Amino acid sequence: MDRYATQRLFETLARAATALVVGVMVLVVGVTIARGGWALLSEPSLVFTPPGSQYMLEGDGGFLHAVLGSLLIVGPATVVSMVLAVSTAVYLQSDYSSDRFSDIVNMFLNVLWATPPIVYGVFVLTVVIAIGARTSLFFGIVAIAIFQYPIMTRYTDEALRSAPETVKTSTYGLGATRFETARMTVRAALPGVIAGIIMGFARGIGDAATVLFTAGRSTNMPGGLFEPATTLPILIFDNSMSFNEEVQAHAYAASFVLIVAVLGLIIISKLLAGRFARYAPGVHR
Amino acid sequence: MSDSTLSNASTRVSRRLRIDRLSQYWLQFAGYFAIGLFVLIVATLVHRSLPLLAEYSLVQLITSSNWDPAQNQFGFLPAIVGTIYVAVLSMLMGTPIAILTAIYIAEYAEGRLKVLVSSFIDVLAAIPSVIFGLVALFVVVPFVGNYLAPAVGSSATGLGIFTVSLVMAIVVTPFMISLSVESLEALPAELRESSLGVGATKWETIRSVLLRAAGPGIFSAVLLGFGRVFGATIVPAMLIGGQNQLPDSLFATGQTLPTLIVNDFGELMSLPITQSALIFVGLMLVVVVWLFNFGAMIAQRRLRRRWQY
Numbered sequence: 001m002d003r004y005a006t007q008r009l010f011e012t013l014a015r016a017a018t019a020l021v022v023g024v025m026v027l028v029v030g031v032t033i034a035r036g037g038w039a040l041l042s043e044p045s046l047v048f049t050p051p052g053s054q055y056m057l058e059g060d061g062g063f064l065h066a067v068l069g070s071l072l073i074v075g076p077a078t079v080v081s082m083v084l085a086v087s088t089a090v091y092l093q094s095d096y097s098s099d100r101f102s103d104i105v106n107m108f109l110n111v112l113w114a115t116p117p118i119v120y121g122v123f124v125l126t127v128v129i130a131i132g133a134r135t136s137l138f139f140g141i142v143a144i145a146i147f148q149y150p151i152m153t154r155y156t157d158e159a160l161r162s163a164p165e166t167v168k169t170s171t172y173g174l175g176a177t178r179f180e181t182a183r184m185t186v187r188a189a190l191p192g193v194i195a196g197i198i199m200g201f202a203r204g205i206g207d208a209a210t211v212l213f214t215a216g217r218s219t220n221m222p223g224g225l226f227e228p229a230t231t232l233p234i235l236i237f238d239n240s241m242s243f244n245e246e247v248q249a250h251a252y253a254a255s256f257v258l259i260v261a262v263l264g265l266i267i268i269s270k271l272l273a274g275r276f277a278r279y280a281p282g283v284h285r
Numbered sequence: 001m002s003d004s005t006l007s008n009a010s011t012r013v014s015r016r017l018r019i020d021r022l023s024q025y026w027l028q029f030a031g032y033f034a035i036g037l038f039v040l041i042v043a044t045l046v047h048r049s050l051p052l053l054a055e056y057s058l059v060q061l062i063t064s065s066n067w068d069p070a071q072n073q074f075g076f077l078p079a080i081v082g083t084i085y086v087a088v089l090s091m092l093m094g095t096p097i098a099i100l101t102a103i104y105i106a107e108y109a110e111g112r113l114k115v116l117v118s119s120f121i122d123v124l125a126a127i128p129s130v131i132f133g134l135v136a137l138f139v140v141v142p143f144v145g146n147y148l149a150p151a152v153g154s155s156a157t158g159l160g161i162f163t164v165s166l167v168m169a170i171v172v173t174p175f176m177i178s179l180s181v182e183s184l185e186a187l188p189a190e191l192r193e194s195s196l197g198v199g200a201t202k203w204e205t206i207r208s209v210l211l212r213a214a215g216p217g218i219f220s221a222v223l224l225g226f227g228r229v230f231g232a233t234i235v236p237a238m239l240i241g242g243q244n245q246l247p248d249s250l251f252a253t254g255q256t257l258p259t260l261i262v263n264d265f266g267e268l269m270s271l272p273i274t275q276s277a278l279i280f281v282g283l284m285l286v287v288v289v290w291l292f293n294f295g296a297m298i299a300q301r302r303l304r305r306r307w308q309y
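Here the protein sequences line up with chains A and B, keeping their order. Quick note: the first sequence uses the numbering used here, first residue 1, plus one each step. Quick note: the second sequence uses the numbering used here, first residue 1, plus one each step.
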């Protein structure tokens, strides 16, 4: 085989691999939307109906408890995590610390970023047992916030790094303090920061392993901050193993709600990024 | 300038400086938070694993294949073997595809198609893994159970090690693609131009120049993907079948370390020693992932020196 034949062979292979990846992904999204959409369209009230008393056995009622639980857990968790993540990312900018120390913090963040979500779940549950509490909405929030923190920090850090150096030098040149400069840098990097926060929200709303043991896995409506709750991914996980067809259909309907929410969030993050781009220096519109 | 404006200006400056100092305390806290969180997690897991390690030796735990918490038998071997099978198999399936796709996106695709394909793959990295699991129950499990396993002469229900590996390969591929594309695109254009300039074909340039120069980045993408599969919980829990036995074929049901936690945590939490055993599983996961990250860092540094340009 001459070198041009090899070249053609590998180009074809690369194209085939890409087609395969895209094809498989279209299949996954397509099956979820078709199957879930069908399950949901035949009974749209599922999303707004609280579960009945025999929910896991017979699938009476709907899964409003999981929809509400997801929002009540991931919403507050995102806020807490956002505050911490943006602060850490600003700190890593090394106006406040030495390069050496930010390298060390960065190393720990990388390890946290790669830590399996189930470990956060086990950790929070261990704490729950140690302090003698019981699993609840509150500990679900804590677990998700811990899970989101390294993800959001990484996105924010990347956004801040890509902000032009001139923002920093010119604000310092005007006599700004470090804090004022940091505010300007965050503003210049706002599209990336917002996109990162929304990605963190999307990852948090889709994760099951962290909340499986910490939020309580309940089949009732969430009753309060220290009452058990559940989320959509947990509901999908539990319902998919059921032998009752009705309960299984709820898993598909819930997966439709979840995938639409995640895809919607990503589209929103792209749109917002475009909108906030006017703060970025060098963009005039 | 009158006295009053002067003192006004100086109070304003001191106020700004005070805010600056306060912000320093807060941001320093945020910086230490990352380290503190990690240390706290590891310390808690170690502390809670001690009761188990006090009663059984480490060697005994990881070489025994008898897992029966009710009888105080804690053998992690089936779960460890299952985890390694799944991780290795899915990397074997996922890595070549991921690298070829990354090459296509970084080197072949152009214009709108490139933007379309690469943003599509970024989006996919964010799809919840529970959805992959659900779709797999509907599509992959019947396929493996009815066609693939019988074709190689194995009778299986479709749940098992192979199914999990296949689905995990699908889950991590977009992740590895994004990281590999990033390191390929970070290469300077002169590398391509000079290689093409001395008469190499495009493929020769990719194989002997670009893949080497981006090698450290691609290598660490693969290691991070490996770590992801290693700690994956939901997909294995849905598809592996949850049998605590040493797998005798690729299509056999089994157990991975994370599914051990999922399957046993609920009912057995009341027994302190079982609780300790499951927390020890968490500790093992953290340590392995930590080693992988550390290994990726060192390998990246060494490869960078070896394949420098």
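In short, the hints are calculated from the structure, not lab data. Keep in mind that the hints are not guaranteed to be accurate.
As the list claims (entries may be wrong) - Reference listing, derived: stretches of chain B covered by chain A, where coverage requires no fewer than 3 residues with Cβ under 8 angstroms from a Cβ of chain A:
(1) 58 to 65
(2) 80 to 94
(3) 185 to 197
(4) 283 to 290
Unchecked claim - With a straight-line Cα cutoff of 35 angstroms, these simulated DSBU-like cross-link-like pairs (lysine-lysine) come out:
(5) K202/B with K114/B
(6) K168/A with K202/B
(7) K114/B with K168/A
(8) K114/B with K270/A
(9) K168/A with K270/A
Said to hold, decoys possible - Covered by chain B, according to a simulated footprint, are these stretches of chain A (three or more residues, beta-carbon under 8 angstroms):
(10) 53 to 64
(11) 172 to 179
Source: prediction; values computed, not measured. Idealized CB from N, CA, C, for every residue including glycine.
Status of each hint after checking the structure:
1. Requiring three or more residues with a Cβ within less than 8 angstroms of a Cβ of chain A, the coverage given for the stretch 58 to 65 of chain B is violated, as only 0 such residues are present.
2. For the stretch 80 to 94 of chain B, the stated coverage by chain A is violated: 0 residues have a C-beta nearer than 8 angstroms to a C-beta of that chain, whereas at least 3 were required.
3. Coverage of the stretch 185 to 197 of chain B by chain A is violated [criterion: at least 3 residues with CB-CB distance below 8 angstroms; count 0].
4. Interface restraint, the stretch 283 to 290 of chain B with chain A: holds (4 residues with C-beta to C-beta distance below 8 angstroms; minimum three).
5. Under the criterion of a C-alpha separation no larger than 35 angstroms, the hint pairing K202/B with K114/B is consistent with the structure, at around 18 angstroms.
6. The hinted pair formed by K168/A and K202/B fails the criterion: a straight-line CA distance of about 41 angstroms is larger than 35 angstroms.
7. Among the hinted pairs, K114/B with K168/A is consistent with the structure: their alpha-carbon atoms are about 33 angstroms apart, no more than 35 angstroms.
8. For the given pair, K114/B sits about 17 angstroms from K270/A by alpha-carbon distance, which is consistent with the 35 angstroms threshold.
9. Simply put, K168/A and K270/A have alpha-carbon atoms about 26 angstroms apart, close enough for the 35 angstroms limit, and the pair holds.
10. Check on the stretch 53 to 64 of chain A: 0 of its residues sit with their Cβ under 8 angstroms from a Cβ of chain B, so the three-residue criterion for coverage is violated.
11. Here's how the stretch 172 to 179 of chain A fares: 3 of its residues keep a CB closer than 8 angstroms to some CB of chain B, so the rule of at least three is met and the hint holds.
Checked against the numbered hints above, the structure violates hints 1, 2, 3, 6, 10; every other hint is satisfied.
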